[in-house]
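Protein chains: 4
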Amino acid sequence: MEWCRVPRGAVIMNDAGPERILDAQGILAEFLRTRNLTTELCAPLHRDDYMVQATRDTSPPKWHLGHTTWFFEKFILRQFSRNYRPFDEKFDYIFNSYYETVGEFVPKPSRSTISRPSLESVLDYRKQVEESMAELLNEQGDNLEALKRAELGINHEQQHQELLLMDIKRNFYQSPYRPAYAKGRKPVSAGRGEDFISFNEQTAQIGFQGKGFAFDNEMPAHRELVPPFSISSRPVTNGDFVAFIEDGGYRKPQFWLSSGWEWRLENQAAMPLYWEMENGNYGHFTFYGMQDLDLNEPAMHISYYEADAYARWAGARLPTEPQWEVSVGSQGWDEKNWLETGYFAPFSGKETSGITGIGNAWEWTLSAYLPYPGFRPIEGSLGEYNGKFMSGQMVLKGASFCTPKGHSRVSYRNFYAPGSRWQFSGMRLSRDGPDGQ
Amino acid sequence: MEWCRVPRGAVIMNDAGPERILDAQGILAEFLRTRNLTTELCAPLHRDDYMVQATRDTSPPKWHLGHTTWFFEKFILRQFSRNYRPFDEKFDYIFNSYYETVGEFVPKPSRSTISRPSLESVLDYRKQVEESMAELLNEQGDNLEALKRAELGINHEQQHQELLLMDIKRNFYQSPYRPAYAKGRKPVSAGRGEDFISFNEQTAQIGFQGKGFAFDNEMPAHRELVPPFSISSRPVTNGDFVAFIEDGGYRKPQFWLSSGWEWRLENQAAMPLYWEMENGNYGHFTFYGMQDLDLNEPAMHISYYEADAYARWAGARLPTEPQWEVSVGSQGWDEKNWLETGYFAPFSGKETSGITGIGNAWEWTLSAYLPYPGFRPIEGSLGEYNGKFMSGQMVLKGASFCTPKGHSRVSYRNFYAPGSRWQFSGMRLSRDGPDGQ
Amino acid sequence: MEWCRVPRGAVIMNDAGPERILDAQGILAEFLRTRNLTTELCAPLHRDDYMVQATRDTSPPKWHLGHTTWFFEKFILRQFSRNYRPFDEKFDYIFNSYYETVGEFVPKPSRSTISRPSLESVLDYRKQVEESMAELLNEQGDNLEALKRAELGINHEQQHQELLLMDIKRNFYQSPYRPAYAKGRKPVSAGRGEDFISFNEQTAQIGFQGKGFAFDNEMPAHRELVPPFSISSRPVTNGDFVAFIEDGGYRKPQFWLSSGWEWRLENQAAMPLYWEMENGNYGHFTFYGMQDLDLNEPAMHISYYEADAYARWAGARLPTEPQWEVSVGSQGWDEKNWLETGYFAPFSGKETSGITGIGNAWEWTLSAYLPYPGFRPIEGSLGEYNGKFMSGQMVLKGASFCTPKGHSRVSYRNFYAPGSRWQFSGMRLSRDGPDGQ
Amino acid sequence: MEWCRVPRGAVIMNDAGPERILDAQGILAEFLRTRNLTTELCAPLHRDDYMVQATRDTSPPKWHLGHTTWFFEKFILRQFSRNYRPFDEKFDYIFNSYYETVGEFVPKPSRSTISRPSLESVLDYRKQVEESMAELLNEQGDNLEALKRAELGINHEQQHQELLLMDIKRNFYQSPYRPAYAKGRKPVSAGRGEDFISFNEQTAQIGFQGKGFAFDNEMPAHRELVPPFSISSRPVTNGDFVAFIEDGGYRKPQFWLSSGWEWRLENQAAMPLYWEMENGNYGHFTFYGMQDLDLNEPAMHISYYEADAYARWAGARLPTEPQWEVSVGSQGWDEKNWLETGYFAPFSGKETSGITGIGNAWEWTLSAYLPYPGFRPIEGSLGEYNGKFMSGQMVLKGASFCTPKGHSRVSYRNFYAPGSRWQFSGMRLSRDGPDGQ
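Chains as they are written, first to last, in this note's numbering: chain D, 30 to 466; chain X, 30 to 466; chain L, 30 to 466; chain C, 30 to 466.
Everything labelled a hint here was simulated from the structure, so no lab data went into it. Do not take every clue at face value.
No copy is singled out in the list; a pair is fine if it fits within one copy or between any two copies.
Using 27 Å as the maximum straight-line C-alpha spacing, the simulated DSS-like pairs for lysine-lysine come out as follows [to be verified]: (1) K119 with K215; (2) K434 with K240; (3) K434 with K212; (4) K281 with K137; (5) K156 with K177; (6) K119 with K212; (7) K281 with K119; (8) K240 with K365; (9) K177 with K434.
Could you build all of it, start to finish, from the sequences and the hints given here?
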């Protein structure tokens, strides 16, 4: 990579000239904004809520607070900050998530056994690392590698903001109190008609091609041939899903993948996660507590298996990742879904024409999470960030109402195992061929 | 049962006259002393330590605080206290341990997911229940059933005091910090010679025959024929166990029960729990932190399988429960081992003759935990207290340095599954026949 | 042990003179009779039935044929027979059941993967070992150790005859054809009234005290104090058990041990093994195929957990091992239940007074399988025969209709884990105290 | 589909005229050839070998014989043959593999418990079905649906021929005798140099486009853009893999996918399946028994995880399915690898230039097994044949030396879970970009 130092920043160059400027002060501002948002998101928690890990998938909020901090310490401060003294040597064991090349770490299901450091110590840790990062960015504002890693660390913490909300929701659901995370009333969704919009065969540029930040797994940009298809103007709604349930969709093997059917039996799945049937009515656990099911809201907390079965039942299929990119992804995104709005539900404006629901919920695709041609992970231990998970997972596109701004990129590749559904995962129907039948 | 009310108490009668007096004021005093001790035992905990459950066997300290309180609320206040208003209806679900006839309860491995009620709420709960109990005992001091259940509730909480220490030790061991629970230095044990003391065949009165409190499983008193045997004057020590280890005892199947050998392989057991080998030296995790292994201290945190294998290796066997009662149990017990002393290690005085080490550590016996002839569980849901566990467990006799006073009864029957070893379990050798060979 | 050689035999002496004679020709005759019976029991099998292992508990019939043979080869021929050449060196791995001190062996659940040796080879193996044993007994008829081991090997094979039938029944139950093992019609049981017979406290001689063969676990004979009790004149019948089922016994936790309740949930147990409900009628898989449930037949194929729950429901308990010995065990046994009769159902004669049903089915006791005072396992690897299983199992007394003659000893100790029920296990009610209430 | 009946056959038409003729006599001949080959492949088995299921992945050979027969009975004879009387109604339960819409079936791990029908009955079953199929094809030679299903049934049975060999090899490996399946000596492979051959970006026609038989998952043919890449002229060899092992490849997490690393730990994988280290030499279990490792032979019995790790270690990657098709797949295939040759090892001729090793072993690709755009499963229950497995599996291309002729199609899509390695799976290196670095 060619680049040059400039006062308080670095310029990455490409053949055509400067590609983008990493500006230390901008990064510092974003760093501080992000760090504050993380702790703000914890404000509704009671003290002991920080320790809970309701399932093997989730992590205690305290651990998220520590781990996101450790990321800056381990990969930036320890590398670049002269005289930096680690807060606690044991944190390499406690707050490492999965970096095998860095050393041993607490097994994931045991994260809830970490009572020390205390929450207070973790907050002190956050403060120390924030001060040191500020110092580093001020003093070494032209250190390209430090700037790049700081940017990565910020994006990493933003990903954990959504994870934090996923885990809090799952933890709260486990509680016999079913507490509400957000104050006020959950907004009610507007209904929308459904069209199928057709796309002809095209050769598309896929992957990240902008000038800002992107994860390694979004690159390199490359061409793909996208076969003709049509796609729904809106996500599948709760109301749609009720029809599937009531037609016996969960009991008919012909709609299910083989491993999906096993998953269904093992999990005794009969409706999406967080749904409950009481006295013949569907209820729905949301950030605003238990609510009547909002039939117009995009269906969420469905596994890939459920999404796939629903699509077969509906005589359709999921879109592939490139199909999604050239159709839904090419629309303008709605800022009203950003996490930063302070609303904890999908935003649903008035009926409009065209593709809607973008950013309400992640949308499962028919594409496995695999490397793009020419993919190269980041060098060194950070190469474990994304690449090693490219097996056994499916890609989700878009964003959810819990995704922070700056993550709403058409090239963004979210990924989960096909049986996972504690993430904010929904779906949109697609059909092969140009005519949408 | 015949009995009569007396002012501020009740007298239980038997054929020979008054058997014992349940004195409401005495019970109240013991109740308050016990309640205070429980919270005092938590003093060394940091805030988040209250939430930890390091293994499926252990419970979070906060849960212990709540459960012992619920026991009084559920089985006494709700039954006898006019106008008592439960603190929180959900506590029947949250703090019920295993009373199936009372209703559903949190699965044991999920106790660490209980973030609400908070620790503060649990402490408030404790206060409300303590005040209500005081009121009840003052107002209904002649209510025999209430008095009997209060006494049971006190003994129940005392049992949980030892459980609490067992669980804290296990939790602290899990922590990468290996924190010390107690301040100061662990006392060093004195060495003792070993004799085998012989007992002829005898018919003994077994089970509880005193006038105070005892659990239902200690009754009824009955006669048993005890065959001739000899028994060691002292428990097996850490030094003894080192010899077993170094002779390859853990690797020789001929010394092991079949299920013990499976246990050993599955747990990769090569020494007692809390022992560690570092640079050729044995270390030992204690309430005072990691220490060099104290060779004179009774071996502890061994499973029944390890105890049995050690005994076979030593050409001996474990004593049966009646053998233990007529030999070790008939000695005076040493108050210096009581939990109330504030020391968290077995007390070892100077070399004395006769049987020693009583109350240092629970001693495994060769007796399965089964009902005595004529055993009748308490009526109603409290009948689940002891009787339903009479399967798959072995009896331990004596007491440990973490057992509260008042639990040092010869008839006391502690019990654990043969693979458990997070309790303070040790052993003493015995031999068949009168001559101790 | 003192003993002397005599022509074609050996005499074991005790203080009072000759204890018993081990007569080589008599042993040889019994050996050949036993060997023939084993293969006769396989006569109803189709060729592929020899390979089946329906559950982790069972073994393929072919394996039983090989293992019982290996026992003679390994522990007798290889030790005592000059010039004996093992049939196949790999059989030490293939046909060793669980003798850890002898070497590695096929994991039990993999016994069905043994296709080689073929059935024909195993039958050849049987023949070679039989000829060599005959030769050995003819030539070394005064070799005490060989005679003793031959006697043990015969008893071992007889135990496997019952195991073979247990396993065949379980395997046939697994088959969609539910084939009948025996020809003809299953005999129908006669009804019997039920009395409780009382026994006063007594000191009894327990354990084997005869002059013939007994297993090490039946010894030494010793005295036990048997508390007063009463016991039912007959086993619990299928009809009795139906009443328990129809009273909701399987759904009421108050009747169940804690681990029994877990067992019940895990196994979704709602009736004894081999029972089935079809159109409101109870059916019953027997050696004669599926049959209507015979209400007068002793209830069988119940686990200890079910037996214990039934007893609690009935306001009674199981007898202890000594109680059973001094009551049921002291009755004359009925030869009509012996395996050798060729009937494969419990024999039930006409209504008689006194204790009945002896030898119909094994009877669960309230006693854990633990060593008698003074117990010493056989020296060497054969010490693994019984002693190492003395953990986690309960004693069953008596015999079943599948038990070979010569195993009907009052001191005989059968044992199974409390959740096992593919053995022919039934129960008889007992009550504490002399008056049978 | 447009088609017309012709005497003894049916002609499938497309816009351009007749597409292909399904000739009843030709199908019958292929049917009989295939059926005979299946039973011939079993010739080396001993009688009890037919019953073995060494792992949960494998099926007993007897089951393969029955299942392939049932396929014809269930989907053809029962549909089209007037007066056909099923051999045994229970076979729908016993020999159904996984067709949920057809009814219940024996759980896969229990297939080894099927002792009845006997092997003889299964062979009779085969005969009945063969005769009835011959009759049907003779009488209804113009029944298009019957002809199509017969063709599918033949291809199905051919797939099971390879499965049968996979399972026999796995079963024989389990046996302590490690028997050889094939007589004679395993041929030794010739060494080959390695080149990387470059391919420019191209738009390729992917999927089946011929006129003969293909599975539904190979269709429809469609265009894909294949990015530039280079690919090795030969598969990775055993010798190559030894270098990876000896460089510590199995112990370095940086080369492994996250789930691959878990797989490695769980399976304690340290070399490919069937390899063994003895006295410092690599041995190799083959159809000719244990052999010294043939360093020039293509590495086989590796999981996707191992293939991926090897590729990363080698600074390369696996080819995608389209990349493989346009490079390796476009070469002429070597008939000498066909199963029908009677050799049970990969064929390796003399050193030649160009791409070699085609059809030696299946080659893992970087492509997940997912539907092609426009994929439609067969209507009805046969739609479960392929489509429902399109989750959690990776595509393998090519063929192995155990693949029957007629399955060597460039469009053929084999698929296995990434942790499977009892199939004949190897790999070939690829690199991104046109220049093969």
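Hints that the structure is at odds with (numbers, increasing): Going through the list in order, the structure violates no hint and respects every one.
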